[in-house]
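Chains W and H, in that order, give the protein sequences.
Okay, so the first sequence: first residue is 1 according to this note's numbering, each after it adds one.
Okay, so the second sequence: first residue is 1 according to this note's numbering, each after it adds one.
Among these hints, one or two may not hold up.
[Stated by the list, open to error] Lysine to any residue pairs mimicking SDA-like chemistry, simulated, CA-CA at most 20 Å apart: (1) H:LYS273 to W:LYS399; (2) W:LYS353 to W:GLU381; (3) W:LYS323 to W:ILE80; (4) W:LYS399 to W:ASP372; (5) H:LYS199 to W:PRO276; (6) W:LYS353 to W:PRO51; (7) W:LYS218 to W:GLY237; (8) H:LYS273 to W:GLY65; (9) H:LYS273 to W:GLU381; (10) H:LYS273 to W:ASN273; (11) H:LYS199 to W:ASN273; (12) W:LYS218 to H:ASP324; (13) H:LYS273 to W:VAL236; (14) W:LYS218 to W:ALA270; (15) W:LYS218 to H:LYS199; (16) W:LYS399 to W:GLU426; (17) H:LYS273 to W:GLY237; (18) H:LYS226 to H:LEU203; (19) H:LYS273 to H:LEU203; (20) H:LYS273 to W:THR301; (21) W:LYS218 to H:SER250; (22) H:LYS199 to H:ARG54; (23) H:LYS273 to W:LEU298; (24) H:LYS273 to H:ALA185; (25) H:LYS273 to W:ILE80; (26) W:LYS353 to W:GLY144; (27) W:LYS323 to W:THR72; (28) H:LYS273 to W:PRO51; (29) H:LYS273 to H:GLY171; (30) H:LYS199 to W:ASN219; (31) H:LYS273 to W:THR294; (32) H:LYS226 to H:SER250; (33) H:LYS273 to W:THR72; (34) H:LYS199 to W:ALA270; (35) H:LYS221 to H:PRO299; (36) W:LYS323 to W:GLN88; (37) H:LYS273 to W:ASP66; (38) H:LYS273 to W:VAL297.
These are calculated hints, taken from the structure and not from any lab test.
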Amino acid sequence: MNRRSLFVFAFVGSLALFASSCAGDDDETKAGTDGGGGFEEGPLGSVEVAPGDPILVGAIQVISGDRASLGTDQQRAIEIAVDDRDGQLLGHDIDLQVEDGECSAEGGTAAAQRLAAEPQVVGIVGTSCSGEAVPAAEILNDEGIVMISASNTSPSLTSDLEGTEADNHQPIYFRVAHNDIVQGQAAANYAYQELGAMTAATIHDGDPYTEGLANAFKNSFEALGGEVVLATAVTVGDTDMRPVLTEVAAAQPDIVFFPIFQPEADFIVAQSNEFPELADTNRLMGADGLLSDTFIVLPDTEDMYFSGPATPTGGAYEEFVGKYEDKFGEAPIQAFHAHAYDSANLLFDAIEKVAVEDDDGTLHIDRQALLDEIGSTEGFEGLTGSLTCDEFGDCADAKIDIVQNTAAQVSIEDVRGNVLYTFEPEE
Amino acid sequence: VSIATRPAAPVRRAVQLPIVDRFLWIVRIAAVAFIAWGAFQSISSGRLSFAQWRNLVVIGIAQGSVYALIALGYTMVYGVLRFINFAHGEVFMIGAMTGYFVADALGETTLWRDYVWVALAFVLLCCVAASTTTAVLLERICYRPLRGLPRLIPFITAIGASFFLQYAIAGLFGTDIKSYPNVEALDGAVDLGLFPIQKVHLLVITATVLMMAGLYVYVEKTRTGKAIRAVSEDQEIARLMGIDVDRTISQVFAIGGALAGAAGLLYGLVFEKVLFRTGFLPGIKAFTAAVLGGIGNIPGAMVGGLFLGSVESLGPSLVLQGYDIPAAHQLKDVVAFSVLVLVLIFRPTGLLGERLSEERA
Numbered sequence: 001m002n003r004r005s006l007f008v009f010a011f012v013g014s015l016a017l018f019a020s021s022c023a024g025d026d027d028e029t030k031a032g033t034d035g036g037g038g039f040e041e042g043p044l045g046s047v048e049v050a051p052g053d054p055i056l057v058g059a060i061q062v063i064s065g066d067r068a069s070l071g072t073d074q075q076r077a078i079e080i081a082v083d084d085r086d087g088q089l090l091g092h093d094i095d096l097q098v099e100d101g102e103c104s105a106e107g108g109t110a111a112a113q114r115l116a117a118e119p120q121v122v123g124i125v126g127t128s129c130s131g132e133a134v135p136a137a138e139i140l141n142d143e144g145i146v147m148i149s150a151s152n153t154s155p156s157l158t159s160d161l162e163g164t165e166a167d168n169h170q171p172i173y174f175r176v177a178h179n180d181i182v183q184g185q186a187a188a189n190y191a192y193q194e195l196g197a198m199t200a201a202t203i204h205d206g207d208p209y210t211e212g213l214a215n216a217f218k219n220s221f222e223a224l225g226g227e228v229v230l231a232t233a234v235t236v237g238d239t240d241m242r243p244v245l246t247e248v249a250a251a252q253p254d255i256v257f258f259p260i261f262q263p264e265a266d267f268i269v270a271q272s273n274e275f276p277e278l279a280d281t282n283r284l285m286g287a288d289g290l291l292s293d294t295f296i297v298l299p300d301t302e303d304m305y306f307s308g309p310a311t312p313t314g315g316a317y318e319e320f321v322g323k324y325e326d327k328f329g330e331a332p333i334q335a336f337h338a339h340a341y342d343s344a345n346l347l348f349d350a351i352e353k354v355a356v357e358d359d360d361g362t363l364h365i366d367r368q369a370l371l372d373e374i375g376s377t378e379g380f381e382g383l384t385g386s387l388t389c390d391e392f393g394d395c396a397d398a399k400i401d402i403v404q405n406t407a408a409q410v411s412i413e414d415v416r417g418n419v420l421y422t423f424e425p426e427e
Numbered sequence: 001v002s003i004a005t006r007p008a009a010p011v012r013r014a015v016q017l018p019i020v021d022r023f024l025w026i027v028r029i030a031a032v033a034f035i036a037w038g039a040f041q042s043i044s045s046g047r048l049s050f051a052q053w054r055n056l057v058v059i060g061i062a063q064g065s066v067y068a069l070i071a072l073g074y075t076m077v078y079g080v081l082r083f084i085n086f087a088h089g090e091v092f093m094i095g096a097m098t099g100y101f102v103a104d105a106l107g108e109t110t111l112w113r114d115y116v117w118v119a120l121a122f123v124l125l126c127c128v129a130a131s132t133t134t135a136v137l138l139e140r141i142c143y144r145p146l147r148g149l150p151r152l153i154p155f156i157t158a159i160g161a162s163f164f165l166q167y168a169i170a171g172l173f174g175t176d177i178k179s180y181p182n183v184e185a186l187d188g189a190v191d192l193g194l195f196p197i198q199k200v201h202l203l204v205i206t207a208t209v210l211m212m213a214g215l216y217v218y219v220e221k222t223r224t225g226k227a228i229r230a231v232s233e234d235q236e237i238a239r240l241m242g243i244d245v246d247r248t249i250s251q252v253f254a255i256g257g258a259l260a261g262a263a264g265l266l267y268g269l270v271f272e273k274v275l276f277r278t279g280f281l282p283g284i285k286a287f288t289a290a291v292l293g294g295i296g297n298i299p300g301a302m303v304g305g306l307f308l309g310s311v312e313s314l315g316p317s318l319v320l321q322g323y324d325i326p327a328a329h330q331l332k333d334v335v336a337f338s339v340l341v342l343v344l345i346f347r348p349t350g351l352l353g354e355r356l357s358e359e360r361a
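Chain H on its own, in the form it takes in the complex (with noise of 0.2 Å):
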């Protein structure tokens, strides 16, 4: 939908406007108060010292990476396709899954011991495989016969999609909890000169960057980069042009797969313990960060992820206790969601807006 075919707006709208507009920024001054004062009295109060506040921004960073890589597969099929593959959470899950199976069984073995890294490098390897079919083998089962039809049904395929492989992976393997053999090299803090940072953390946000400049230039660069983009442009046109849509969908899915695989592996190491139930949370994490970032926008996941994840970790301690409310961390969740619904009153397109089909992806 092009804005030039809207008809335009009618008088009576833009009367109205200005005081609709008055009254939004009066919500906006009042969220700026709110925050601010709460964050000035818990500051104030000295509660936390200036190392546990760095601390939670950085242990929200760690977070909001899961959530980032996550929010990379929401976005590109939104991107491309105009719909949310609610079952993505799961493709995550799997990969966690896959991650605890092989790392497992490699537990005991010499090369666990002596080689981790390489090790490591094995369990990324066969969780991003897993992820990758699981993602691939969703988009050809369940959504490409339907594509075309109104978005609603595809919508609601995935979310029988996500229960159907949560409750399948239950069933196959059981809903006990299954924790992670311990990795001694990812043990204990490294300081880096500024500040001690827990090792894990440090792994979990430098393979984020780098996974996220790897994707950005794989997307911008490449020959798959440039069809990806055509086609979410423009998928008609993009077939004239002799692209292979249904390829390029594909690919775009099996990319989000093999992030969501890492994602998984990383959430694997910080948290140590996976259950079925593990994407369920993250996967909407994520969508919120996709959309908090602006939908379709792979910058704009990246940063909605850290975004999210910093708020979630600090919102409670850094505005709520400062109004004394009991037992603030309780209200991580009610901070996630609030923030996604001020960020949209000031951005309604989110913080970096929605495109993958323009120039810049």
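One chain only, chain W, in its complex shape (with noise of 0.2 Å):
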């Protein structure tokens, strides 16, 4: 008797979710084919937002750890663009959910299965780092979610710049940060061109963006006649660099070039005094992931050269940041903020572009159509200067400045005043 109910119970339970699967059948084809406006779904699927919902939008940003002012900066800018359009899109509001990425690739892939869990996000700005990036964009890419990320820099996301795809390189990723073969670029001419460096040895610690920074300045500085004396490497969590350091100076590079993070970076400048080869600290140069508050302040970095994007300029830049000011109470921290306002406007403006509005007012924004939205971009005007996407996702308008933190700058918008530099690449 009692087995027999549980068998009805089971089939009667079998039969309604067949039942309502159908009817969800029903309803997606619908809207797919005579939404009203015309409305036709593309091959990725489409987001749709009822009258009165809230238009989704992800960020996935480092906001904890050591590296917590990079995202940060980048989430109060995003906010910054919410803010300039009243947080409102095609008469929806703006709804921010910003995921921890951590900047490791653990937390990115967290991060991002979170927000490819959600169908209601519409697109991504992110990640911080490119580390979090390489997963975040694999995943990603299977749900046809776009990301714009406003710093990833290392090439193995995009493209080497002369023609071929990169082994990470997804059709959902954009970025609007330089690309590092740009950066590294930067760095070996200002080494070789205007210190003289004839020699130089290398640091990365391991993550895609070390690795392809230094990678590309080793390029670039070979390129140009000089030698790279010493490619190597730390790990992530160590604070004893003397063994790597007596490496070092026994190469006796003209210049080190560590484009790694805080704090290994901090023990590498505090431990080297201890090299007579290394003491001088106009021989050390580090890269945008050290220009923070808190690296410059060290007594060791004195007189250290920076490679980095350029500040932007201009009215309204500077109206940006009386925002950020306004808003936050400071000055922006890091360097990758008018990237991230950048980005946030570039998504939003496609979305105002692509979206279809139903008879009954629902919104269908078709993600092929926004991807290729966003791939077209071409010219648009924004802080960083006139962005135009190229075919594997570089967007950036890339101008990198070389400064240097002298006794006379006090904080990091004094160092990254103090401009000796500027590398734009050819066209």
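Starting from the two chains in their separate frames, assemble the complex, guided by the hints.
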């Protein structure tokens, strides 16, 4: 008796399930084919926003840990971009969902999975770090969700800028940050041509950003005629840099380029003054990952050089900084806020262009159309310059500054303002 | 578990052993050949001068001293309770953190400028007090209620306690990097007649040797030391002989904590930066050092620590670069743990063997 009632239950239950799934199918086909305004769903599917519902935009940024300033700065810039539109897009509220990518591959995976699980996510601004982006782009690509990063710079995410697609490139991936091929060129040009360095050593930490930039520097430096006498690496979490610095000192490079992060870089600069060959800090060069308010205040970083994205100029940028200061009570804390603002606007503009409104006010945003729209961006005027996307997702108007941290500079803006050299790639 | 109670080895095993043995010998010879050839290659390349090789050894010994001091805490607790206190790395981190806060507060005072050794002694006292308190509380709150249960249970508790302490510190004091104030008296190198050595390295090595010697005498010659040895031999018998086992175990944690606190300050002086994650990696390394030297063995922890530190510092340059492996220093941890495996293949009980309870402690 008992068993029979169980069977009936299960049978009725499965019938109900079957019926409901059929009904669901019907609904979808209807929406897909004869949605108002002649909306035709593309191969990647679409997002439907009912009248009164918000448009969900994701962000993957590092907002905790040692590198939190990088992501926090961008999160603030995205919030300003939302404010500038009064929090609305096509009459719908913009709902920003920020996930912490922790600047690691594991964090990027988890954040991307959380966002990919939300069918309403239209697009993502992020990630902060290239290490997060590699797995995140792969996961988001499966869902067809577009991502625009403001601070990933690793060449492995797009291309070598000479037409060869990189291993980790995904069709849904775009970025407003420069490709590190350009930054490597800038740093190498400055070291070789302006500082007269003939030999160099590079140190990375195994992260795609640091390794990519160290390699880009090496290639450019050698193309100019210099010699990279030692290309080495440290491990994240390591504190005793003296063994690796012994090797660097023995190689006697004219310049040491270490595009890594804190705290490992803190240990490198603190311990390198124990080596007579490296005690001279104007032989040390870092990159944008180290252009932070906590690094430049270290006494051992005085006279060090840094490469990094040029600080934008012009009235629009000053106006943006004014809004930033009003809203958050301090000046921008990192280098990529303007890029993040541009990324958000690029995404918002594209959504406005491709969204189709139904007779009943439902908004349809087709994922493929959104990708195509962003991919065909040409001459988009942002804070960081005129953005044009290439076929591998590089949209930046790359300008790289080489700056120096001297005794006269007290804040990070001062250091970023102390520009010795600006590099722009030839078109 | 005494050897006498084990059943006699079955005949089948006696036949198989030589094959295993032969295989192990091949592994041993291959390892020695690999290391020797790599070392020969990199020394003969003349990349590093003699002074640079020597500096690598000194750097390794200084780092190894810190490992050794932490390793003592692991080894003593293991010797007495037969379990690994995985939160010990955090006890060390709390010492280093306390050192930062006290040194930072003192950094601007006349005391720090004029009587820096007095100031450092005060900082040391605070570090030791903080770490000892943490270690004793840890035992009282997390381990004592679980005593007598299967060893896996306090072990898992230890991992939980480790995370708790780490994130409690992160939550209370932030995740940013904290820099020790500079100690001018420790800047630069000093020439001892043989070769110049960084003053801070000299301090670390001297302090470690003194503390180790002190500990050895303490465990060997004092009544408390005798009680510790008795408890590690057999808790039940020790209790019957009138030893307060709970108190003795607390003392073991206190001694381990005190040494970890001192190690925290030394770490702070050498590396000048601490953050909430500082205890994790040195903790794992110190545990490795304790196993290398023979867990439960006090001189073993010292030998294991110094050995591991030297291997980490020398290994990548000496062996790996000899094979032209790019970015060899990135493989520092791989080298450290490979050495652990190799040493355990050569000597399964560690360099000096496992013991605390035997008469030599």
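Evaluation of the provided hints:
1. Of the supplied pair hints, the one linking H:LYS273 and W:LYS399 is violated, its CA atoms being roughly 34 Å apart against a limit of 20 Å.
2. At roughly 16 Å between alpha-carbon atoms, W:LYS353 and W:GLU381 fall within 20 Å of each other, so this suggested pair holds.
3. Taking the CA atoms of W:LYS323 and W:ILE80, the gap is near 7 Å; set against the 20 Å cutoff, the hint holds.
4. Of the supplied pair hints, the one linking W:LYS399 and W:ASP372 is violated, its CA atoms being roughly 26 Å apart against a limit of 20 Å.
5. With a C-alpha separation of about 16 Å, the suggested pair H:LYS199 and W:PRO276 falls inside the 20 Å cut-off, and the hint holds.
6. At roughly 18 Å between alpha-carbon atoms, W:LYS353 and W:PRO51 fall within 20 Å of each other, so this suggested pair holds.
7. Proximity of W:LYS218 to W:GLY237 is assessed by CA-CA distance (about 25 Å); at most 20 Å being required, the pair is judged violated.
8. Between H:LYS273 and W:GLY65 the alpha-carbon distance is near 16 Å, which keeps this suggested pair within the 20 Å criterion.
9. For the given pair, H:LYS273 sits about 43 Å from W:GLU381 by alpha-carbon distance, which is inconsistent with the 20 Å threshold.
10. At roughly 16 Å between alpha-carbon atoms, H:LYS273 and W:ASN273 fall within 20 Å of each other, so this suggested pair holds.
11. Of the pairs offered as hints, the one joining H:LYS199 and W:ASN273 holds, with about 14 Å between alpha carbons and a cut-off of 20 Å not exceeded.
12. This hinted pair checks out: W:LYS218 and H:ASP324 have alpha carbons roughly 18 Å apart, not beyond 20 Å.
13. Distance restraint check for H:LYS273 and W:VAL236: the Cα-Cα separation of roughly 15 Å lies within the 20 Å cut-off, and the hinted pair is therefore satisfied.
14. A distance of roughly 24 Å separates the Cα atoms of W:LYS218 and W:ALA270; the hinted pair therefore is violated under the 20 Å criterion.
15. For the hint linking W:LYS218 to H:LYS199, the alpha-carbon distance of about 36 Å lies beyond 20 Å, and the restraint is violated.
16. As the CA atoms of W:LYS399 and W:GLU426 are separated by approximately 11 Å, the hinted pair is consistent with the 20 Å bound.
17. At roughly 12 Å between alpha-carbon atoms, H:LYS273 and W:GLY237 fall within 20 Å of each other, so this suggested pair holds.
18. With a CA separation close to 30 Å, the supplied pair H:LYS226 and H:LEU203 exceeds the 20 Å bound.
19. Among the hinted pairs, H:LYS273 with H:LEU203 is consistent with the structure: their alpha-carbon atoms are about 18 Å apart, no more than 20 Å.
20. Distance hint between H:LYS273 and W:THR301 is fulfilled; the C-alpha atoms sit about 15 Å from each other, no more than 20 Å.
21. Distance restraint check for W:LYS218 and H:SER250: the Cα-Cα separation of roughly 56 Å exceeds the 20 Å cut-off, and the hinted pair is therefore not satisfied.
22. Between the alpha carbons of H:LYS199 and H:ARG54 the distance comes to roughly 16 Å, so the proposed pair stays at or under 20 Å and holds.
23. Between H:LYS273 and W:LEU298 the CA atoms are separated by roughly 11 Å; this keeps the pair inside 20 Å, and the hint holds.
24. Proximity of H:LYS273 to H:ALA185 is assessed by CA-CA distance (about 18 Å); at most 20 Å being required, the pair is judged to hold.
25. Proposed proximity of H:LYS273 and W:ILE80 is contradicted: the alpha carbons are some 35 Å apart, above 20 Å.
26. For the hint linking W:LYS353 to W:GLY144, the alpha-carbon distance of about 18 Å falls within 20 Å, and the restraint holds.
27. Simply put, W:LYS323 and W:THR72 have alpha-carbon atoms about 16 Å apart, close enough for the 20 Å limit, and the pair holds.
28. Distance check on the hinted pair: H:LYS273 and W:PRO51 sit about 54 Å apart at the alpha-carbon level, beyond 20 Å; violated.
29. Our distance criterion of 20 Å between C-alpha atoms is met by H:LYS273 and H:GLY171, whose separation comes to about 18 Å.
30. A hinted pair counts as satisfied when its Cα atoms are at most 20 Å apart, and H:LYS199 with W:ASN219 does not qualify at roughly 40 Å.
31. With a C-alpha separation of about 13 Å, the suggested pairing of H:LYS273 with W:THR294 holds against the 20 Å cut-off.
32. Between H:LYS226 and H:SER250 the alpha-carbon distance is near 15 Å, which keeps this suggested pair within the 20 Å criterion.
33. Restraint check: the Cα-Cα separation between H:LYS273 and W:THR72 comes to about 24 Å, which exceeds 20 Å; the hinted pair is violated.
34. Between H:LYS199 and W:ALA270, the direct Cα distance comes to roughly 15 Å. Compliance with the 20 Å bound is thereby established for this hinted pair.
35. Among the hinted pairs, H:LYS221 with H:PRO299 is consistent with the structure: their alpha-carbon atoms are about 15 Å apart, no more than 20 Å.
36. For the proposed pair W:LYS323 and W:GLN88, the alpha carbon gap of about 18 Å is at most 20 Å, so the pair holds.
37. With a CA separation close to 13 Å, the supplied pair H:LYS273 and W:ASP66 stays within the 20 Å bound.
38. Distance check on the hinted pair: H:LYS273 and W:VAL297 sit about 14 Å apart at the alpha-carbon level, within 20 Å; holds.
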